[in-house]
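S.K.: Sequences are here, hints too, so could you generate the full structure?
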Amino acid sequence: MAKKRTPRSKSRPKIAAPSRRRVSSLRGRAPQTAGLDLHRCEQFLMHEMRLLDEAKFDDWLALFTADAWYWVPSEPNQPDPHNTVSLIYDDRRLLETRVRRLASPRMYSQEPRSRTSRIVTNATIEDAEGRAATVRSKFLMIEYRREQQRLFAGNAWHRLVLIDGAIRIAWKRVDLVNCDAPLDGITQPF
Amino acid sequence: MTENFSRFFKPGRVHRQIYTDPAIFDLEMRHIFGAAWVYVGHESQIKNPGDYFATHLGRKPVVMVRDADGKLHVIRNQCAHRGAMVVATDKGNADEFTCCYHGWTYHLDGRLKAVPLNHGYPSDFNPANPAVAMAAVPRVKSYRGFVFASEASDGPSLEESLGHMLTSLDDMVDRAPDGEIEAAGGVFKHAYDANWKIYFENLCDAAHPLFAHRSSIEAAQQQSDAAHSDGFGEIAIRQMRQNGAPYSFWESQVGIWTYPNGHSYLGDYHDDSKLVAAMKDPVFREYIAALEKKKGKAETKRILEVRRWNSNIYPNVSLMSQFQQLRVVQPISVNRTVVHTYNFRLKGAPEQMFRNTIAFANIVNGTGSLVLTDDLEIYNRIDLGLSSEGTQWLQIGRGYQSDVPDQHGGRRGVNSTSEVYIRNMLEAWQSYMNNGQSEPMRAAS
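Chains as they are written, first to last, in our numbering: chain E, 1 to 190; chain V, 1 to 445.
Hints were generated in silico from the structure; no laboratory data involved. Errors might be hidden in some of the hints.
[Claimed, not checked] Below, a sample of chain E positions facing chain V; criterion: calculated Cβ distance under 7 Å:
# : residue
1 : D37
2 : R93
3 : S109
[Unchecked claim] Chain E is nowhere near these chain V residues, computed Cβ spacing over 12 Å in every case:
# : residue
4 : R16
5 : R59
6 : G390
Glycine is no exception: its CB is placed at the ideal position from the N, C-alpha and C atoms.
M.R.: Laid out in structure tokens, this is it:
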């Protein structure tokens with residue numbers, strides 16, 4: 001136990017980056033967004049999890065917008081991906097490369113392939129405006145590979161937008177509960 | 001027990017047992033991590049009085065701490081009473097350290113300050129006895145901010161032990177226009193199921209990237225540069241493409257140098273103007289101008305001409321001085337290792353350069369990196385092989401007959417893919433292990 005010299009101010013943890021507006025005012029209320037209600041968002045998240053579990057990574061990539069980013073911070077409450085390292089921080093270009101590599105027969109860290117089973121639940125709409133919504137959810141992912149099973153859990157944040165009537169991911173942030181633990185290599189997107 | 005550890009070696013061969021035997025691992029912790037100069041941390045992690053950083057010396061928990069007078073200490077992170085770990089958080093700031101069990105309280109330099117109920121101990125119990133403390137590690141030395149500690153109370157100085165490898169630590173710091181660097185941007189902790197030596201034996205391996213990393217090389221080569229990037233993906237993809245340099249390049253253009261006590265470095269292989277300081281890139285133009293303003297044109301030229309990829313300071317730290325990265329190897333058990341990787345900000349350099357460093361760290365040292373994950377897989381597979389009863393003698397003979405002396409007292413490979421750096425590390429290993437056997441057991445061990 002180390003005695004603190006000066007107590008630090010309890011700054012409110014940042015949840016989603018880079019911008020998060022009007023969250024508290026909307027939390028718990030029925031979303032106003034036409035076509036992006038909670039049920040539809042939940043169905044979308046389940047669809048996304050299913051694509052990942054079935055290793056349909058190209059189809060998963062197609063869910064993202066042309067300037068999307070996908071982020072798994074290395075620290076709890078990490079404020080941004082640009083000044084601190086991340087377990088994964090892919091802009092659209094790197095996400096495309098990641099998905100292309102996942103299909104490669106020469107990806108030795110996927111020989112044999114992982115099998116995964118994901119559960120997504122506790123979805124809430126945290127912020128909604130126009131044809132976009134920020135959805136918070138909890139997930140569990142079991143990864144099985146070469147006689148070992150790993151369990152990942154945490155919160156996910158999706159910024160969902162309606163484009164031509166279809167839901168697309170503008171950004172996704174995944175906060176693992178053990179993001180700052182020593183971790184074996186991570187090859188499966190969460 | 002005395003044992004000649006040289007029996008695990010033949011010319012160009014090493015026996016699998018040194019990577020898999022728990023008894024040998026225990027002796028390594030005593031004779032290598034308990035004797036050599038071992039990297040502990042960087043002074044910028046404990047800038048202010050009271051700042052502390054909890055880490056390990058081999059498997060022993062220690063705290064690197066700055067006392068109220070600004071003096072640096074490395075003390076054991078255990079209470080002198082029942083041995084409980086005292087500092088339970090990775091880092092922070094404190095006036096004193098207090099054990100959570102019976103409230104024994106210590107000064108920041110490890111001396112015992114107060115013991116509740118102290119009348120009840122035996123008559124020979126004296127809280128003022130310096131042995132009743134969070135004991136200081138016998139020798140601690142900072143070289144330009146890099147803090148090393150040694151469990152050996154005498155022996156070669158840090159400078160003598162590192163020799164020519166000090167120039168890699170110099171390179172890390174010299175690149176800062178203001179002459180100072182700062183650990184920043186978080187830490188990766190990646191883990192694998194194999195021996196700690198396996199990691200070190202990969203870092204200067206110029207023969208593996210083109211093959212082991214080809215899934216990421218090919219995926220990056222096929223990537224359209226028209227796709228959106230905020231700069232992070234661009235750096236990552238450029239780096240993966242650089243790994244695709246042909247074998248002829250890796251063999252002849254890189255260079256591999258080794259020095260006494262197990263140290264080595266591999267020359268750099270980058271020619272991408274966004275990855276290494278180049279006038280074609282606006283961020284680097286600004287950086288070079290800042291460097292020239294502070295250090296002059298001649299010194300700037302000298303600094304930028306030092307071109308090293310991984311510099312390995314045996315037994316536990318590896319630097320990428322050109323890229324502001326530092327990796328610390330933490331042995332957990334004979335077949336479990338954690339590597340902590342840190343980034344550094346160059347004081348006086350453009351802020352964008354630090355963000356580029358973070359992007360580079362993600363792809364080179366990231367737990368979810370498209371590159372590193374294949375290295376971790378290889379370490380795991382090496383252990384799966386070596387811990388079997390299969391092949392007994394492994395080959396480390398590449399370049400064995402062609403290596404030549406180096407002008408600074410080491411040996412270098414004529415061919416950059418020589419395994420001279422593995423043989424050099426294992427020579428140091430034999431020396432530490434055999435010398436340890438001939439020494440009396442230290443009371444502190």
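S.K.: Work down the list of hints and note, for each, if the structure agrees.
M.R.: Here is what the structure says about each hint:
no.	hint	result
1	D37	29 Å, violated
2	R93	4 Å, holds
3	S109	4 Å, holds
4	R16	20 Å, holds
5	R59	14 Å, holds
6	G390	18 Å, holds
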